[in-house]
Structure formats: C-alpha cells, structure tokens
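If you're matching positions, the sequence shown starts at 1 in my numbering and goes up one per residue.
Be aware that a few hints might be false.
[Said to hold, decoys possible] Calculated pairs, EDC-like style, for lysine to aspartate or glutamate (alpha carbon to alpha carbon, straight line, at most 16 Å): (1) 27 - 108; (2) 105 - 12; (3) 71 - 108; (4) 57 - 46.
Quick caveat, the hints were computed from the structure, so don't treat them as lab data.
No experiment lies behind these values; they were computed from the predicted model shown.
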Amino acid sequence: MDDALRVLLVDDEESYLETAAKIFRRKGVDVELCSIGRDVVGILREKKCQVVVLDLKMPGMTGQEVLREIKGSLPAVQVIILTGHATSDDAAVCLTSGAFDFLIKPIEMSHLLDRIKTAYDMWKLSSDN
Numbered sequence: 001m002d003d004a005l006r007v008l009l010v011d012d013e014e015s016y017l018e019t020a021a022k023i024f025r026r027k028g029v030d031v032e033l034c035s036i037g038r039d040v041v042g043i044l045r046e047k048k049c050q051v052v053v054l055d056l057k058m059p060g061m062t063g064q065e066v067l068r069e070i071k072g073s074l075p076a077v078q079v080i081i082l083t084g085h086a087t088s089d090d091a092a093v094c095l096t097s098g099a100f101d102f103l104i105k106p107i108e109m110s111h112l113l114d115r116i117k118t119a120y121d122m123w124k125l126s127s128d129n
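All chains, full assembly: derive it from the sequences and hints.
What follows is the structure, encoded as structure tokens:
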C-alpha cells in the first residue's frame with residue numbers, strides 16, 4: 001500500500017487553498033483541495049489522504065460537522081482544524097470530537113507543515129500499515 005503523505009486542504013477561501021497548495025507542493029507534499037464540506041469524505045475515500053486541514057467556518061456544513069463525519073467514517077484520518085474565527089469552546093468541541101490539533105490563522109506555513117507531519121506520524125501509528 002502506498003502510504004506517502006497526502007493532505008486534503010478544506011477551506012471556502014479559494015485563494016487560500018491555491019496559495020497553501022503551491023507552498024506544500026514545493027515542499028514535496030501531495031495536496032488535494034476541497035471548498036465544500038459535504039464533499040470531504042468522498043474525496044478522502046477516493047484520494048486516500050491521511051491528513052485533513054479543515055476550516056471551521058464554511059457555508060453549508062461547518063467544520064465541526066465535517067470533523068464528525070470524517071471521524072465517523074474514517075477514524076484513522078487525522079484532522080487539523082485551521083480557522084481565523086474561533087472560541088475556546090470551538091477548540092474544546094473539536095478536540096473532544098477527535099481533531100488532532102486546533103490552530104488559528106494566520107499561521108506560518110512551516111509550523112502548519114510541522115503539525116501535518118506530526119499528524120501523519122500519528123496516522124501511521126493508528127492505521128493498519
């Protein structure tokens with residue numbers, strides 16, 4: 001089984017997705033993009049991403065709803081919440097719902113990449129590889 005790091009970036013801000021994807025691809029990370037919460041689980045099943053970087057505030061499904069759906073369907077997938085609009089209650093709910101980490105925008109891309117790599121290591125430990 002191919003277990004090279006694949007990240008799914010989920011955010012309703014298309015410009016943020018494109019910018020982050022360019023940076024990660026330059027660092028050798030395989031990146032998929034999604035701007036609609038209800039599409040996330042299907043993309044994860046198809047593309048076999050191990051780590052999701054998920055915005056909290058999106059139209060349609062919220063990040064919390066998407067997180068619950070991911071953890072219900074694909075519990076080994078590691079989810080990092082990355083948001084510019086959050087409360088401590090949001091962080092508590094996400095972390096108790098299975099998020100690997102909860103980070104606030106703006107964030108240095110190098111720090112986010114470090115957290116993604118740590119989440120990927122956790123995925124390797126929790127999956128049947």
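Structure-based check of all given hints:
| no. | hint | verdict |
| --- | --- | --- |
| 1 | 27 - 108 | 14 Å, holds |
| 2 | 105 - 12 | 14 Å, holds |
| 3 | 71 - 108 | 27 Å, violated |
| 4 | 57 - 46 | 24 Å, violated |
Checked against the numbered hints above, the structure breaks hints 3 and 4 and satisfies the rest.
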